[in-house]
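Protein sequence lines correspond, in order, to chains A and B.
The first sequence begins at 1 in my numbering and counts up by one.
The second sequence begins at 1 in my numbering and counts up by one.
It is possible that some hints are incorrect.
Distance windows between CB atoms, simulated [said to hold, decoys possible]:
| hint | chain 1 | residue 1 | chain 2 | residue 2 | range |
| --- | --- | --- | --- | --- | --- |
| 1 | B | Glu15 | A | Pro20 | 48 to 54 Å |
| 2 | B | Arg81 | A | Asn230 | 30 to 36 Å |
| 3 | A | Lys14 | B | Arg48 | 47 to 53 Å |
| 4 | B | Ser50 | A | Val57 | 31 to 37 Å |
| 5 | B | Arg48 | A | Ala265 | 35 to 41 Å |
Mimicking EDC-like on lysine to aspartate or glutamate, the simulated pairs with C-alpha atoms at most 16 Å apart in a straight line are [unchecked claim]:
| hint | chain 1 | residue 1 | chain 2 | residue 2 |
| --- | --- | --- | --- | --- |
| 6 | B | Lys5 | B | Glu15 |
| 7 | B | Lys5 | B | Asp46 |
| 8 | B | Lys8 | A | Asp254 |
| 9 | A | Lys168 | A | Asp276 |
| 10 | B | Lys4 | B | Glu65 |
| 11 | B | Lys4 | B | Glu89 |
| 12 | A | Lys168 | A | Asp278 |
| 13 | B | Lys8 | A | Asp278 |
| 14 | B | Lys83 | B | Glu63 |
| 15 | B | Lys5 | A | Asp278 |
| 16 | A | Lys261 | B | Glu15 |
| 17 | B | Lys30 | A | Glu233 |
| 18 | A | Lys201 | A | Glu66 |
| 19 | B | Lys8 | A | Asp276 |
| 20 | B | Lys76 | B | Asp55 |
| 21 | A | Lys261 | A | Glu208 |
| 22 | B | Lys8 | A | Asp253 |
| 23 | B | Lys73 | B | Glu54 |
| 24 | A | Lys14 | A | Glu29 |
If you want a taste of the chain A side facing chain B, the calculated C-beta under 10 Å gives, among others [as the list claims (entries may be wrong)]:
| hint | residue |
| --- | --- |
| 25 | Phe245 |
| 26 | Asp248 |
| 27 | Asp278 |
Hints listed in this document are in silico derivations from the structure and should not be mistaken for laboratory results.
Cβ atoms here follow ideal geometry from the backbone N, Cα and C, with glycine treated the same way.
The lines below spell out each chain.
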Amino acid sequence: MNYYKVAGHTFGVKLPDGDPLCSQLAQYEPFISPAVPDPIFVLSLADSLDDEGGELVYSGEPQSGEPIVRLFSTPGGWISEMAICPGRPLSAKLFMEKDFSAGKLLLLRPREALFSLNNALMLLYAFRTSGMHTLEMHASVIVNSGRAFLWLATSGTGKSTHSSLWLKNVPGSKLLNDDNPIVRVMEDGHVEVFGSPWSGKTPCYKNEHYPAGAFTRIRRADHNAIARLNNFEAYAMIYSSSSGFKFDPKMGDDLHSTFEKVVGASPCFVLDCLPDADAARVSSGTLLKLYE
Amino acid sequence: MKTKKGFKMRTLLGEHIIVAEGKEQVNFNKMISLNETAAYLWEAVDKRDSFTVEDLRDLLLAEYEVEEDIAAKDAKAIAERWKEIGIAED
Numbered sequence: 001m002n003y004y005k006v007a008g009h010t011f012g013v014k015l016p017d018g019d020p021l022c023s024q025l026a027q028y029e030p031f032i033s034p035a036v037p038d039p040i041f042v043l044s045l046a047d048s049l050d051d052e053g054g055e056l057v058y059s060g061e062p063q064s065g066e067p068i069v070r071l072f073s074t075p076g077g078w079i080s081e082m083a084i085c086p087g088r089p090l091s092a093k094l095f096m097e098k099d100f101s102a103g104k105l106l107l108l109r110p111r112e113a114l115f116s117l118n119n120a121l122m123l124l125y126a127f128r129t130s131g132m133h134t135l136e137m138h139a140s141v142i143v144n145s146g147r148a149f150l151w152l153a154t155s156g157t158g159k160s161t162h163s164s165l166w167l168k169n170v171p172g173s174k175l176l177n178d179d180n181p182i183v184r185v186m187e188d189g190h191v192e193v194f195g196s197p198w199s200g201k202t203p204c205y206k207n208e209h210y211p212a213g214a215f216t217r218i219r220r221a222d223h224n225a226i227a228r229l230n231n232f233e234a235y236a237m238i239y240s241s242s243s244g245f246k247f248d249p250k251m252g253d254d255l256h257s258t259f260e261k262v263v264g265a266s267p268c269f270v271l272d273c274l275p276d277a278d279a280a281r282v283s284s285g286t287l288l289k290l291y292e
Numbered sequence: 001m002k003t004k005k006g007f008k009m010r011t012l013l014g015e016h017i018i019v020a021e022g023k024e025q026v027n028f029n030k031m032i033s034l035n036e037t038a039a040y041l042w043e044a045v046d047k048r049d050s051f052t053v054e055d056l057r058d059l060l061l062a063e064y065e066v067e068e069d070i071a072a073k074d075a076k077a078i079a080e081r082w083k084e085i086g087i088a089e090d
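Only chain A is shown next, with the shape it has when bound in the complex (with noise of 0.2 Å):
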C-alpha cells in the first residue's frame, strides 16, 4: 500500500501489483509518506460493488461541469457515481463507508482510470477531513513574501489567469495550485494553504504550505477595482468553494464551523478585474500592503 500526507493528514491507496494506475501516480509522489497505523482512509480497487442503490441525496447540473454526477446514500455507506462531466458515460462508481474511512472504486472506462481514482481520492479527502477544521476548497493559489493568496470564483471566471498576472507582474511571485488547495484552521486558530496533489489543468502538485494572506472572489469586470467584504459576504465565498456535501447534518455542522474559523480569521475581498496586468497592481496593491 502507498500511503500520502497531504495537509497532514495521510491516507493509503492500495492498487493491485501491476495495475497500469501504478506508473500514472506523479503527481502524488511529492506526497508520498512513510506507512502510518491510522491512515484517515484506505481506498482500494474493486471488481464489484454488493453494496448498490440506495437514496439517491444529490444529483449534478447537466451543465455543471462536475464530475460527481449522483450520489446514493446506501444501508452500508454511500455510492458515488463519477463521469468527466453529466451526461458522459459513467467512469466509475465509488462506495465509501458511512464515515468515509475507506472507499472502494468500481472503474469502469480504463482511459479514465487516473480521473476516476483522483476524484475518488479528493471526495473521500474532502468528506473524512470535513470533521478536521480542513477545508478542501476550489481556488487558484499565489505565495507571495511568504504568504498564501486565493483567488476563488466559478471555474472559467479567471483564478487561474489572475494567478499568471500574478507571476508575470508581481515580483516574488510563485504558483502553490492552481485548483484545489486544501485549507485548514490550525489549533492556534490560524489559517495555513497547502499544496496538493489535484490542481486542476495545471500540473501544480507542491507539498508545500504557508499561512493564508487573504481570500479574493474574483469578478469578471470592465475595469480594476478591490474591495472588502463584509462576514456575511465572506461566509458566502468561501461556503461556495468548498468541497463537501451540507445535507449531512454532522459534515454540515463541522464546514459551518470551519468556514466561521476562516472568516474570523482571515481578511476576504472581491476583485472586479479585466485580464490584464493593471488587475494584479490593484490587487497586490491592497494585498501585499497587509502584510508590510
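Dock chain B against the given chain A, drawing on the hints supplied.
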C-alpha cells in the same frame, strides 16, 4: 404556511444567517441574513409543522413591546418576504 425543508439557521460571528444545507435545496445558491427579530421568529416556527401570520404576530407580541396592529403588519411583511425569497411556502 411552513418553512421549506433543507434550510438551516446558523450563527456567523454573532450574526444570524440562513443557509441551504439540506438535500432538498442543493440548487439554492443564496444565503440570507436575518436580523434579531427575524431570527427569533424563524427559530420559533421552523420547529412547527405549519404556522400562520397570526402566529408570527403573537410571537412578536410575546417578545417585544409593540402595538398589536404594528406587530400584525410586521408579521405579514416578514411572511411575504420569506415566501418571496423562497425559504417558506403556503
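How the hints compare with the structure:
The beta-carbon spacing between Glu15(B) and Pro20(A), approximately 52 Å, falls within the hinted interval of 48 to 54 Å. Between Arg81(B) and Asn230(A) the Cβ separation comes to about 21 Å, which falls outside the hinted range of 30 to 36 Å. The beta-carbon spacing between Lys14(A) and Arg48(B), approximately 50 Å, falls within the hinted interval of 47 to 53 Å. Restraint check, Ser50(B) to Val57(A): a C-beta distance of roughly 26 Å breaks the suggested window 31 to 37 Å.
The given range of 35 to 41 Å is respected by Arg48(B) and Ala265(A), whose C-beta atoms sit roughly 37 Å from each other. A distance of roughly 22 Å separates the Cα atoms of Lys5(B) and Glu15(B); the hinted pair therefore is violated under the 16 Å criterion. For the given pair, Lys5(B) sits about 9 Å from Asp46(B) by alpha-carbon distance, which is consistent with the 16 Å threshold. The hinted pair formed by Lys8(B) and Asp254(A) meets the criterion: a straight-line CA distance of about 14 Å does not exceed 16 Å.
Between Lys168(A) and Asp276(A) the alpha-carbon distance is near 11 Å, which keeps this suggested pair within the 16 Å criterion. Proximity of Lys4(B) to Glu65(B) is assessed by CA-CA distance (about 29 Å); at most 16 Å being required, the pair is judged violated. A hinted pair counts as satisfied when its Cα atoms are at most 16 Å apart, and Lys4(B) with Glu89(B) qualifies at roughly 7 Å. About 11 Å separates the Cα atoms of Lys168(A) and Asp278(A), which keeps this hinted pair within 16 Å; it holds.
For a cut-off of 16 Å, the pair hint linking Lys8(B) to Asp278(A) is broken: about 41 Å separates their Cα positions. With a CA separation close to 23 Å, the supplied pair Lys83(B) and Glu63(B) exceeds the 16 Å bound. Distance hint between Lys5(B) and Asp278(A) is unfulfilled; the C-alpha atoms sit about 46 Å from each other, more than 16 Å. Taking the CA atoms of Lys261(A) and Glu15(B), the gap is near 14 Å; set against the 16 Å cutoff, the hint holds.
At roughly 11 Å between alpha-carbon atoms, Lys30(B) and Glu233(A) fall within 16 Å of each other, so this suggested pair holds. Restraint check for Lys201(A) and Glu66(A): satisfied, since their Cα atoms lie roughly 14 Å apart, inside the 16 Å limit. A threshold of 16 Å between alpha carbons decides the hint, and for Lys8(B) with Asp276(A) the separation of about 40 Å lies outside it, so the pair is violated. As the CA atoms of Lys76(B) and Asp55(B) are separated by approximately 10 Å, the hinted pair is consistent with the 16 Å bound.
Taken as a hint, the Lys261(A) and Glu208(A) pair is broken in the structure, with Cα atoms around 22 Å apart against an allowance of 16 Å. Note on Lys8(B) and Asp253(A): the hinted pairing holds, with a Cα-Cα distance of about 10 Å set against a maximum of 16 Å. Using a Cα cut-off of 16 Å, the hinted pair Lys73(B) and Glu54(B) holds, with the two alpha carbons roughly 10 Å apart. Taking the CA atoms of Lys14(A) and Glu29(A), the gap is about 15 Å. The hint holds against a cut of 16 Å.
For Phe245(A), the suggested interface contact is upheld, since its CB lies about 8 Å from the closest CB of chain B, less than 10 Å. At its closest, the beta carbon of Asp248(A) sits 9 Å from a beta carbon of chain B; the interface hint therefore holds under the 10 Å criterion. Hint on Asp278(A) is violated. Least Cβ distance to chain B is approximately 31 Å, over the 10 Å limit.
When the structure is compared with the earlier hints, violations turn up for hints 2, 4, 6, 10, 13, 14, 15, 19, 21, 27 and for no others.
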